[in-house]
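Listed in order, the protein sequences are those of chains A and B.
Those letters in the first sequence? Residues 1 to 241, per full-length UniProt numbering, in order.
Those letters in the second sequence? Residues 1 to 240, per full-length UniProt numbering, in order.
Bear in mind the hints are in silico, worked out from the structure with no lab data behind them.
Quantities reported herein were computed from a predicted structural model and do not represent experimental measurements.
One or more of the hints may lead you astray.
[What the hints assert, rightly or not] Pairwise CB distance ranges, derived in the manner of DEER restraints:
| no. | chain 1 | residue 1 | chain 2 | residue 2 | range |
| --- | --- | --- | --- | --- | --- |
| 1 | A | Lys-223 | B | Asp-83 | 34 to 44 Å |
| 2 | B | Phe-190 | A | Asp-158 | 30 to 40 Å |
| 3 | A | Arg-156 | B | Asp-226 | 15 to 25 Å |
| 4 | A | Val-178 | B | Ala-198 | 57 to 67 Å |
[Claimed, not checked] Mimicking BS3-like on lysine-lysine, the simulated pairs with C-alpha atoms at most 30 Å apart in a straight line are:
| no. | chain 1 | residue 1 | chain 2 | residue 2 |
| --- | --- | --- | --- | --- |
| 5 | B | Lys-137 | B | Lys-106 |
| 6 | A | Lys-186 | B | Lys-38 |
| 7 | B | Lys-180 | B | Lys-137 |
| 8 | A | Lys-159 | B | Lys-137 |
| 9 | A | Lys-223 | A | Lys-120 |
| 10 | A | Lys-200 | B | Lys-18 |
| 11 | B | Lys-228 | A | Lys-223 |
| 12 | A | Lys-38 | B | Lys-18 |
| 13 | A | Lys-38 | B | Lys-16 |
| 14 | A | Lys-120 | B | Lys-228 |
| 15 | A | Lys-195 | B | Lys-228 |
| 16 | B | Lys-137 | A | Lys-38 |
| 17 | B | Lys-192 | A | Lys-38 |
| 18 | A | Lys-195 | B | Lys-18 |
[Stated by the list, open to error] Some chain B residues close to chain A (C-beta under 8 Å, calculated; not the full set):
| no. | residue |
| --- | --- |
| 19 | Thr-37 |
| 20 | Asp-52 |
| 21 | Arg-85 |
| 22 | Lys-133 |
| 23 | Pro-162 |
| 24 | Gln-219 |
C-beta: ideal position from N, C-alpha, C; glycine also.
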Amino acid sequence: MSLTNEAGHKTNGTPTSKPLSTGQQILNKGAQMLQSFKPINQMTQHACTFALYNHDMSRQIETHHFITRLNQDFLQSAVYDTDDTNGRLIGIEYIVSDAIFETLPPEEQKLWHSHAYEIKSGLWVHPRMPEMIAMPELKNLAKTYGKFWCTWQTDRGDKVPLGMPSLMMPPQSEGAGVVKPEVVRKRDEEYKVSKEDSMKSRIEIPEPEWINPTADYWRQHNKCFEVDVESTEINVRTEYS
Amino acid sequence: MDPVHASIHPEVPGEKTKIGTSLVDTAAAAIQSFGPTKQIHQHLCAFHFYADDMTRQVEAHHYCGHLNDEMRQCLIYDSPNADARLIGLEYIVTEELFLTLPDTEKPLWHSHEYEVKSGVLFLPGVPGPVERKDLEKVAKTYGKTIHFWQVDRGDELPLGLPQVMMALTRDGQLYPSLAKDVESRYGVSFEKERENRAYIQGPVHGIHPKANAAGVGLQTVLREIDCKPSGPEPVHRIFV
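Extracted from the complex, chain A is given alone in its bound form (with noise of 0.2 Å):
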C-alpha cells in the first residue's frame, strides 16, 4: 500500500509538459533488460527526515534519502523530494561516523552537520520498517555527521535545476534549526509516525558524549554558507588547443 500523498507532491514545480512516450518506454525497457545496475542495487535503506538551506534556514523540507553502504564508517545517499515513483532527484548526502569525521581538516569540518537530534528527536524515521530492527542503525547514525547538498529547489516551484547546490542543515533543538511542526505533521500523517513515539522509543539511544563544535557552523558562529559560481581561465590541454 502507498502512503504517498501524492496530489500533494506530483503536481508541485514538476515539469508537466509531456508524459513519458510510448517510444522511449520501449527503449528504457530494453535497455533495462540488457544493462546491470550494479550500484544502485546497492540501496538498502530509505530514511525520511528533514532539512533546512543554510543560506535561509526558514526554508525547510521533506527528504528522502536512499541509502548506500560501503562500509561500517561510511554512507552514501540520493536524495529526493518524495519516495514514490516520481521523485525528484534533488541531491546528495554522504555520512560519516565520529572516527572519520575527527580526521577532516576543519576547513573541511564546517561544512558538515551532527546527525544526533535529528535521531534522538524522532525527526529521522525509516519508513514501513519496525522501530526495533531499525535501532541498531538509529544508534550507529546518532553518532555520525552528515554533508548534504542540494542540486534543485522544488519547494520554491524550480521546474528545472537553477543556480548552484545548496548547504543543507538538519533541524536543531534551537533558534532558526527548529523545524515547523506543520512540515513534520505533514510526514508523519502520510507515513502513519509519529515524531513523538519515536522519539520516546530512542530515549535509550546515548547522546553522543562529543560533537564536534565546528560541525553544525551556524549553531556556533552564526555565520551560514552560500556557494557561488565565478568565471575563471580554463586550464587546457594546450597542446591540442
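Model the placement of chain B on the given structure of chain A, informed by the hints.
Frame of chain A, contents of chain B only:
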C-alpha cells in the same frame, strides 16, 4: 607523451561493515520501498572534466531515469561495480526546455552533440542499433553536472565544494590513454561508433553560445553570509 590518465578508485576509509549492521541493511532492503530509484533504467558511460580544468578528466557512470520526455535525472558513480562511489549527479533536458532557462543559468549546462557523435558516450551492454535510437535524442540535449567527490585527485572522502563539470566538445580534448582504457574494458571502439553515428544531428538551433560555460572556466566559491532568519522572531510593532 601523456602522463598516465586512467580512472582511479581511492579506498574509502572505515571498518568493514559489521554483521549486525548488514543485517539491518538486509531487513530494510526487504521491507522498504525504493520508488524513485526503481525508475532508473539506463546506464550511460561518458567523461566529465572540471569546468576550470580540462586536464582533469573523470570516467563517469550515469544511472538515469526519465521524469518525462523532456528531462532525465542521473546518479553518477565512479564505476559500474557494487562498491562504486556516488560522485555526483546530472540533469539532462531537451533543447526546447534548455532554451527556456535564464541566460545566467545556461553557462552551467553543456551540450551533448560532440560526445554522442564522437562515439565516446555509450550505453554499456546495449547493441549499437538500439543504443543509437536513444542517442539520436541525447545528441540534442543539454546536461548540468555537479560532482561532489574528486576521486581523480585521489580523495578518499567527498571533500570540499561541489564542482561544475563539463563535457567534451571537440577532438583532441580527451586523453588518449583514458579513452583506450575505457574502450578496452568495455570492448567498444569510439572510432567505429563515430562512423556509425555520423548521421546523428545535434540541437536543431545549433549549440547555444552560452552553453559550455560560453568557453570560459567556471569555479565554485564558498561565501560566509549572515544567517537568516536571524535569531528569534522579530516583535512586530504597529506605528500609528
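Each hint tested on the structure:
| no. | hint | in the structure |
| --- | --- | --- |
| 1 | Lys-223/A / Asp-83/B: 34 to 44 Å | 37 Å, holds |
| 2 | Phe-190/B / Asp-158/A: 30 to 40 Å | 36 Å, holds |
| 3 | Arg-156/A / Asp-226/B: 15 to 25 Å | 20 Å, holds |
| 4 | Val-178/A / Ala-198/B: 57 to 67 Å | 60 Å, holds |
| 5 | Lys-137/B / Lys-106/B | 19 Å, holds |
| 6 | Lys-186/A / Lys-38/B | 25 Å, holds |
| 7 | Lys-180/B / Lys-137/B | 26 Å, holds |
| 8 | Lys-159/A / Lys-137/B | 21 Å, holds |
| 9 | Lys-223/A / Lys-120/A | 25 Å, holds |
| 10 | Lys-200/A / Lys-18/B | 27 Å, holds |
| 11 | Lys-228/B / Lys-223/A | 9 Å, holds |
| 12 | Lys-38/A / Lys-18/B | 21 Å, holds |
| 13 | Lys-38/A / Lys-16/B | 19 Å, holds |
| 14 | Lys-120/A / Lys-228/B | 25 Å, holds |
| 15 | Lys-195/A / Lys-228/B | 26 Å, holds |
| 16 | Lys-137/B / Lys-38/A | 25 Å, holds |
| 17 | Lys-192/B / Lys-38/A | 28 Å, holds |
| 18 | Lys-195/A / Lys-18/B | 28 Å, holds |
| 19 | Thr-37 | 5 Å, holds |
| 20 | Asp-52 | 5 Å, holds |
| 21 | Arg-85 | 7 Å, holds |
| 22 | Lys-133 | 6 Å, holds |
| 23 | Pro-162 | 4 Å, holds |
| 24 | Gln-219 | 5 Å, holds |
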